[in-house]
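Student: Knowing the structure of chain F, use the given hints to seat chain G on it.
Chain by chain, the residues run as shown.
Number of protein chains: 2
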Amino acid sequence: MTHTNITDIATYMRQLGEQARTTSRILARATTKAKNAALLAIAADLEAKRPLLLTENSKDLDAGVAKGLSQAMLDRLELTTSRIDSMLTGLHQIAALVDPIGVITDLNYQPTGIQVGKMRIPLGVVGIIYESRPNVTVDAAALCLKSGNATVLRGGSEAFHSNQAIAASIHQGLKVAGLPAESVQILATTERSAVDYMVTMPEYIDVIIPRGGKGLIERINNQSKVPVIKHLDGICHVYIDDQVNINQAVAVAVNAKTQRYGTCNTMETLLVAEKVAATILPILSNAYQEHGVELRGCQTTQKLLPNIIAATEADWETEYLAPILAIKVVPDLDAAILHINTYGSQHTDAILTENYDRARRFLVEVDSSSVMVNASTRFADGFEYGLGAEIGISTDKFHARGPVGLEGLTSQKFVVLGSGHIRL
Amino acid sequence: MTHTNITDIATYMRQLGEQARTTSRILARATTKAKNAALLAIAADLEAKRPLLLTENSKDLDAGVAKGLSQAMLDRLELTTSRIDSMLTGLHQIAALVDPIGVITDLNYQPTGIQVGKMRIPLGVVGIIYESRPNVTVDAAALCLKSGNATVLRGGSEAFHSNQAIAASIHQGLKVAGLPAESVQILATTERSAVDYMVTMPEYIDVIIPRGGKGLIERINNQSKVPVIKHLDGICHVYIDDQVNINQAVAVAVNAKTQRYGTCNTMETLLVAEKVAATILPILSNAYQEHGVELRGCQTTQKLLPNIIAATEADWETEYLAPILAIKVVPDLDAAILHINTYGSQHTDAILTENYDRARRFLVEVDSSSVMVNASTRFADGFEYGLGAEIGISTDKFHARGPVGLEGLTSQKFVVLGSGHIRL
Numbered sequence: 005m006t007h008t009n010i011t012d013i014a015t016y017m018r019q020l021g022e023q024a025r026t027t028s029r030i031l032a033r034a035t036t037k038a039k040n041a042a043l044l045a046i047a048a049d050l051e052a053k054r055p056l057l058l059t060e061n062s063k064d065l066d067a068g069v070a071k072g073l074s075q076a077m078l079d080r081l082e083l084t085t086s087r088i089d090s091m092l093t094g095l096h097q098i099a100a101l102v103d104p105i106g107v108i109t110d111l112n113y114q115p116t117g118i119q120v121g122k123m124r125i126p127l128g129v130v131g132i133i134y135e136s137r138p139n140v141t142v143d144a145a146a147l148c149l150k151s152g153n154a155t156v157l158r159g160g161s162e163a164f165h166s167n168q169a170i171a172a173s174i175h176q177g178l179k180v181a182g183l184p185a186e187s188v189q190i191l192a193t194t195e196r197s198a199v200d201y202m203v204t205m206p207e208y209i210d211v212i213i214p215r216g217g218k219g220l221i222e223r224i225n226n227q228s229k230v231p232v233i234k235h236l237d238g239i240c241h242v243y244i245d246d247q248v249n250i251n252q253a254v255a256v257a258v259n260a261k262t263q264r265y266g267t268c269n270t271m272e273t274l275l276v277a278e279k280v281a282a283t284i285l286p287i288l289s290n291a292y293q294e295h296g297v298e299l300r301g302c303q304t305t306q307k308l309l310p311n312i313i314a315a316t317e318a319d320w321e322t323e324y325l326a327p328i329l330a331i332k333v334v335p336d337l338d339a340a341i342l343h344i345n346t347y348g349s350q351h352t353d354a355i356l357t358e359n360y361d362r363a364r365r366f367l368v369e370v371d372s373s374s375v376m377v378n379a380s381t382r383f384a385d386g387f388e389y390g391l392g393a394e395i396g397i398s399t400d401k402f403h404a405r406g407p408v409g410l411e412g413l414t415s416q417k418f419v420v421l422g423s424g425h426i427r428l
Numbered sequence: 005m006t007h008t009n010i011t012d013i014a015t016y017m018r019q020l021g022e023q024a025r026t027t028s029r030i031l032a033r034a035t036t037k038a039k040n041a042a043l044l045a046i047a048a049d050l051e052a053k054r055p056l057l058l059t060e061n062s063k064d065l066d067a068g069v070a071k072g073l074s075q076a077m078l079d080r081l082e083l084t085t086s087r088i089d090s091m092l093t094g095l096h097q098i099a100a101l102v103d104p105i106g107v108i109t110d111l112n113y114q115p116t117g118i119q120v121g122k123m124r125i126p127l128g129v130v131g132i133i134y135e136s137r138p139n140v141t142v143d144a145a146a147l148c149l150k151s152g153n154a155t156v157l158r159g160g161s162e163a164f165h166s167n168q169a170i171a172a173s174i175h176q177g178l179k180v181a182g183l184p185a186e187s188v189q190i191l192a193t194t195e196r197s198a199v200d201y202m203v204t205m206p207e208y209i210d211v212i213i214p215r216g217g218k219g220l221i222e223r224i225n226n227q228s229k230v231p232v233i234k235h236l237d238g239i240c241h242v243y244i245d246d247q248v249n250i251n252q253a254v255a256v257a258v259n260a261k262t263q264r265y266g267t268c269n270t271m272e273t274l275l276v277a278e279k280v281a282a283t284i285l286p287i288l289s290n291a292y293q294e295h296g297v298e299l300r301g302c303q304t305t306q307k308l309l310p311n312i313i314a315a316t317e318a319d320w321e322t323e324y325l326a327p328i329l330a331i332k333v334v335p336d337l338d339a340a341i342l343h344i345n346t347y348g349s350q351h352t353d354a355i356l357t358e359n360y361d362r363a364r365r366f367l368v369e370v371d372s373s374s375v376m377v378n379a380s381t382r383f384a385d386g387f388e389y390g391l392g393a394e395i396g397i398s399t400d401k402f403h404a405r406g407p408v409g410l411e412g413l414t415s416q417k418f419v420v421l422g423s424g425h426i427r428l
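These protein sequence lines map, in sequence, to chains F and G.
Sequential numbering from 5 applies to the first sequence in the numbering used here.
Sequential numbering from 5 applies to the second sequence in the numbering used here.
Chain F extracted, bound-state conformation (with noise of 0.2 Å):
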């Protein structure tokens, strides 16, 4: 079926669903070998289809400009042969990662002689939801395949044309493979009732993941009857406590503003104790000034730093994405917790400090899902905590928190090993 001549959207749906269902069971037992030669044959397939994912993929952007579509939303569309590169060397990494399904933990003797322990299993279905960028078909389909469950993909309207090119090969990488096509279901239109389906399908579908604005996962968070895994905030916080190594803590405050922009982990609120507040301030605005970042400070900093402008209620709540940083001195770690719990977004938050007493305080109470000393918020990242890949970072706190790898992607269930025990 193509966009174009899908009349019934829900019967499709439904038979999308029902396949992805089936192919989940098969999927749970495929074994780790079919499922990495998979993801090669998928990326040897793209490999020798480049010059078509570049056509196709061209046809997305020509009809972008005519929508006219911002700058930013064709940079994320635009496939580059460095952007096909990182597709291929992610296939290859998730390849390489271990296989997490069947994993039998702590087998336990219990008093009664049987023996207990939990298997790992994938969810089922994972549904995925995502806007313009077509890389996360490939990373999506390729994290979901290695965890053992069926996927059902629905790209940006934007990228139809790139995502059915990567969506032959990853059918043609499959079918290498053994493993069969509904493996990874990529929506064959861009009507927006699917997306009303795949959200309220809890029958076929296990699990919803939705990537891109906040718009569009507030509403699907609101209109979910299925669990969903999502990111919503990163309002992310550095604090200075004043036992501190100042060159230690101009270095990493600087970095979790500056390395990146745009991201997530980056800083958005700095806070600063007061004793310290005077020593560090000037040292950390010419830094922030030189990288161009511009300042807003409460009325304490703005006494140290007269130049800036005045931090409102409203900067406190801003994840600014941008080249802006908020600034609160504040008495102490109390103090701090206390902004950080209510203001915060739980995603990623640091403490810098030479103090064993606060650090351990700060990790404790501080109820965010990356918690941090003497680091930059910058690592918040599947690749930087070892998790070899990630779907995404969640700020939730039932089922999975902060960034997602494989383990996200599944559950467990116990085993039981007896010899004809009965109970008593």
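None of these hints come from the bench; they were simulated from the model.
Just so it is clear, the structure is predicted and the values come from calculations on it, not from any experiment.
Errors might be hidden in some of the hints.
Unchecked claim - Taking lysine-lysine and the DSSO-like style, the derived pairs with C-alpha atoms no more than 27 Å apart in a straight line are:
1. 229(F) / 218(F)
2. 279(G) / 307(G)
3. 53(G) / 63(G)
4. 218(F) / 71(F)
5. 218(G) / 229(F)
6. 229(G) / 218(F)
7. 122(G) / 37(G)
8. 63(F) / 53(F)
9. 122(F) / 122(G)
10. 229(F) / 229(G)
11. 37(G) / 179(G)
12. 53(G) / 179(G)
Stated by the list, open to error - Per the computed footprint, the stretches of chain F lying under chain G, defined by three or more beta-carbons under 8 Å from a beta-carbon of chain G, are:
13. 28-41
14. 124-134
15. 236-249
By construction, the Cβ of each residue, glycine as well, lies at the ideal position given by its N, Cα and C atoms.
Tutor: Chain G alone, transformed into the frame defined by chain F:
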């Protein structure tokens, strides 16, 4: 507030939610010592107030009789001396469990030099919605307290006086241990709309655990805007393979059905391999008859056991919770697995076999929360699995699957330790 003078439920529930959220931050960092002290002080206060508990409970029982509650409901509602004993034992057992909170695992160095690990944390606020059994009030509150969660409890209106008396002891115990009384809030209203608020306040409540009949659970699950840890059907199977120790198989198959009838892990359908059916079914039939179990069989079973009635399609989908057993003769393991994955409820299923490969295949291919080899399905239970206690059994895959103990009431956050590390 009592149940008679709460006129504005919306305001009451919002206040209660805010208090739970605030208190959850305090509980998250409560010491193991304080939490255990509270559990033991609650036990001591309940012990001291036995006469009051029995008096308050008799008010509920009298009202229940007047309202015409069924004998089964009145039985669940009753607090006896031995049930109070069990509550006290439970509190002592939970106090003796290892505190899961704050445990850091997998603290590994990454190539960049940062150390990344995971710290176990409470979920936050747990809402429990249950029916008549007053002992759930203590059990659930104790498990949530030990795992550092604030709790909002909504018991059945029939148990109102019993629950309020128990609530008073819980608050007294919390006070003795220096923990906030709001750590455990038991609704002081029997208004049904209070439940509607509970399940639609994700800003205050992080997870809902409904305990009771399937109707209650389905209603809450459909309505909830908060993640639900739920238990639906327990349609459990035992498959007797043809390569089997007959005596062992008879013992386990009889135990799985007859050890208790009303429990979710009781076998409801017995699958028997064709080759062994003629040998084992007559033996089993005699054993079940001695226990007064009604048998319903497929056509092949009926040929071997001419006196039993025919099983219909509906029987394969029924959780009897009664001395009734459906029996189906299947050609082989493949047919057994297909039957279980089609008609089962993904709860607990067992294979009885001496064949190594079939045992391994069953464990991998049956998609249920507990899969067993040569053991009775009746072992599927938090205590039997060594979890120490159980707040429920989850038939979902997301977050928690199978018996849910303390760990199911927790999440994990990433901990990053550096010494001035920046991302390059």
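Student: Compare the structure with each hint and give your call.
Tutor: Each hint tested on the structure:
1. 229(F) / 218(F): holds, 19 Å
2. 279(G) / 307(G): holds, 14 Å
3. 53(G) / 63(G): It holds: about 16 Å lies between the C-alpha atoms, which stays within 27 Å.
4. 218(F) / 71(F): holds, 23 Å
5. 218(G) / 229(F): holds, 19 Å
6. 229(G) / 218(F): holds, 19 Å
7. 122(G) / 37(G): holds, 23 Å
8. 63(F) / 53(F): holds, 16 Å
9. 122(F) / 122(G): holds, 19 Å
10. 229(F) / 229(G): holds, 9 Å
11. 37(G) / 179(G): Status holds; Cα separation ~14 Å.
12. 53(G) / 179(G): OK: residue 53(G) and residue 179(G) at ~16 Å, within 27 Å.
13. 28-41: Since three or more residues must qualify, the claim that chain G covers the segment 28-41 of chain F holds, with 3 doing so at under 8 Å.
14. 124-134: holds (count 3)
15. 236-249: Violated, because only 1 residues of the segment 236-249 of chain F bring their Cβ atoms closer than 8 Å to Cβ atoms of chain G.
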